[in-house]
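Make a model of the complete structure from these sequences and hints.
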Amino acid sequence: MVADPQPDNRAPTVVGIRDLLFAWPGQPPVLDIAELNIARGERVFLAGPSGSGKSTLLGLIGGVLTADSGSITVLNQELAALSVAQRDRYRADYVGFVFQLFNLLPFLSVVDNVLLPCRFSARRHERAAARSGTVDDEARRLLSHLDVTADLMARKVTELSIGQQQRVAAARALIGAPELLIADEPTSALDHDLRERFIHLLLDECAAAESAVLFVSHDMSLGSLFDRQLALTEINRAGHHNG
Amino acid sequence: MGSLSIIGSLAHKSLRNRASTALLTVLSIAISIALLIGVERIRTEARSSFASTISGTDLIVGARGGDINLLLYSVFRIGNATNNISWESYQDITSRPVVEWAIPISLGDSHRGFRVMGTNQDYFRFYKYSRTRTLEFIAGEPFDGVFDAVLGADVAAELDYAIGDKIVIAHGAGSTSFVEHDDKPFIVTGILKKTGTPVDRTVHVTLEGIEAIHIDWQSGMRLPGQSVSAQQALQMELQPEAITAFLLGLKSRVAAFGLLRDINEYKEEPLLAIIPGVTLQQLWELIRVVEITLLAVSICVVIAGLIGMLSAILTSLNERRREMAILRAIGARPWHVLLLLVTESALLAAAGALAGMALIIGLTAVAAPMLEQRFGIFVEVQWPGAFEWLIALVVVAAAIVVSLWPAWRAYRNALADGLTIRV
Ligand SMILES: Nc1ncnc2c1ncn2[C@@H]1O[C@H](COP(=O)(O)OP(=O)(O)OP(=O)(O)O)[C@@H](O)[C@H]1O
Ligand SMILES: [Mg+2]
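Protein sequence lines correspond, in order, to chains A and B.
At position 8 of the first sequence the residue is numbered 8 (my numbering), and the sequence of numbers has no breaks.
At position 334 of the second sequence the residue is numbered 577 (my numbering), and the sequence of numbers has no breaks.
Simulated from the structure, these hints should not be mistaken for laboratory data.
Treat the numbers as computed from the prediction; the structure is a model and nothing was measured.
Hints are supplied without guarantee of correctness; some may be wrong.
[As the list claims (entries may be wrong)] Examples of chain B residues lying across from chain A (beta carbon under 8 Å, computed): (1) Lys256; (2) Ala572; (3) Gly574.
[Unchecked claim] Just some of the chain A residues that point at chain B, by a computed CB distance under 8 Å: (4) Arg40; (5) Val64; (6) Arg89; (7) Arg91; (8) Ala92; (9) Phe97; (10) Pro106; (11) Phe107; (12) Leu116; (13) Phe120.
[What the hints assert, rightly or not] Here are some chain A residues the structure puts well away from chain B; computed CB gaps all over 10 Å: (14) Ala23; (15) Glu35; (16) Asp68; (17) Thr73; (18) Ser121; (19) Asp147; (20) Gly163; (21) Asp191; (22) Glu210.
Ideal Cβ positions, reconstructed from N, Cα and C, are used throughout, including at glycine.
Next up, the structure:
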């Protein structure tokens, strides 16, 4: 059994990055970030061109990748101090992910897809159940808040439109109220009207769950919907070498 | 551990989602397992029916030749004798004090594909099979007259004969034999109960009857210009001059070895005596190669089934790469990804094994009558025993081992991909 990582649930900073350096094997450094902080419940928009290292940074914060040097803390917990197993555990407990496409397991129902994090994390199971009585009810509550009607919930996930799939993915990222929601270009496959609607729904639910949001996109026009906008090229010193 | 049951349910649902490929994989494994179990069953059943065909006979005596050949033609009606043995030798040997009983056998003729065997009434008294059982009649009684015949159960059933019917014996042992002893028909006086041995497929007549139909024949040809009617034949001397072989029961088993040596060194003519159990053992040695070959072939088919499964998993691996990334993002550990694929294979193999057993039960129910008729092999419809479960276990274990390869690749992918979903 893997020992529980002990992040500080009341820490004012959800993500703290100092002097981060990362390179993919055999490549020049893709990230070199002096400082980046995300406060509790803060909604941050991170923009950057394709290939600038946005997804790489999210992988580092999610604990799937490890920094070559420097420090990444999540809820005051130094990720480098955790074992690989503990990092997987921490990700399950404290982070929700929404990707650009293909967020759902095709063989699970809509509700089962949303419930997945509760299967891998006891903490999120408890928190989801505490909110609505049962995890199942919490999944349905989140889904209907995200405009997924009962009729849509009954469909196979492969029969949902991309916009509907992204809303299901958002419900999954939010179930059990993780402290951090990471969204990697979740709207790039949606048309403009749907984009704003999706982001509004997502941000409302994040506010309700008191989750901080790190939202990544190369579409600068969405930035105004967030508390703070960042350009990766500005905070990333490695970006200049890559051009 | 809770994560194990999650992986189990994910594996199950993922397979259900790919039902058609999964079903094909299960089917191919099922067929291969059914084949393996079937071959093994027929092998053991064939052994036990062979072993139970002759019981209580201490020695078999025939003309000098191969041990196995003598056993095959005298007991299993397979192949032919190279030579006959003289009636004098038969009488000399059977008159020895250690001999309790003797059954003379005269082979070489047939009736519509069934072998005809000349013998005497002692056959019905002393011949034993399945350890202690003697021959029983379902109708009629042993032959008495020269032209009486007693049919094995299958002969009567397949040719639809009843007591009193007339049958004509053909010269030679093929069903296409055109030369018939049609001038001297036999009358069915008895029908034997089913034994599950070659007896069921034999027409039994008296030694005198065999002699009578050959009276106007010489070396396989009807003598031109000479014709002896059945009535005339009865008036003639019908003492056989030669027989094909004889079975001996001795007063004590220990005497078998001494008599065996005496017969094998017999001065008057070259004879061969065998102990049935010993020769049967030699036969198994010989058949072993065939058995091993069959077993190897069916094991290869099982391996082919597993390779089919492997290729199905490998092809699906790329398209499932994003599933793995999703699981990773949710907090699944890389070994969960490995476990998911291994569990899926184990489930497929287990389903295949169960289906294979169901298939073999169904197949034996259908094929048992045919096997029994054609080969005299009794195959019972039975529930899977220890051997079948062992096969199932081995196949599931093999499936797990085989699936470690794609699972390991998925594991490596999961580590290298991180959260980036590659399409
Ligand atoms: N798994 C990997 N192995 C090796 N190199 C990688 C890997 N993932 C990304 N890279 C490299 O790292 C750099 C940054 O990639 P990343 O995916 O982080 O960019 P991004 O900003 O997310 O781009 P996009 O907007 O297209 O998603 C690229 O040069 C890419 O080739
Ligand atoms: Mg990216």
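Evaluation of the provided hints:
no.: 1; hint: Lys256; in the structure: 5 Å, holds
no.: 2; hint: Ala572; in the structure: 4 Å, holds
no.: 3; hint: Gly574; in the structure: 2 Å, holds
no.: 4; hint: Arg40; in the structure: 21 Å, violated
no.: 5; hint: Val64; in the structure: 4 Å, holds
no.: 6; hint: Arg89; in the structure: 7 Å, holds
no.: 7; hint: Arg91; in the structure: 5 Å, holds
no.: 8; hint: Ala92; in the structure: 2 Å, holds
no.: 9; hint: Phe97; in the structure: 4 Å, holds
no.: 10; hint: Pro106; in the structure: 6 Å, holds
no.: 11; hint: Phe107; in the structure: 3 Å, holds
no.: 12; hint: Leu116; in the structure: 5 Å, holds
no.: 13; hint: Phe120; in the structure: 4 Å, holds
no.: 14; hint: Ala23; in the structure: 14 Å, holds
no.: 15; hint: Glu35; in the structure: 23 Å, holds
no.: 16; hint: Asp68; in the structure: 15 Å, holds
no.: 17; hint: Thr73; in the structure: 19 Å, holds
no.: 18; hint: Ser121; in the structure: 6 Å, violated
no.: 19; hint: Asp147; in the structure: 22 Å, holds
no.: 20; hint: Gly163; in the structure: 18 Å, holds
no.: 21; hint: Asp191; in the structure: 21 Å, holds
no.: 22; hint: Glu210; in the structure: 20 Å, holds
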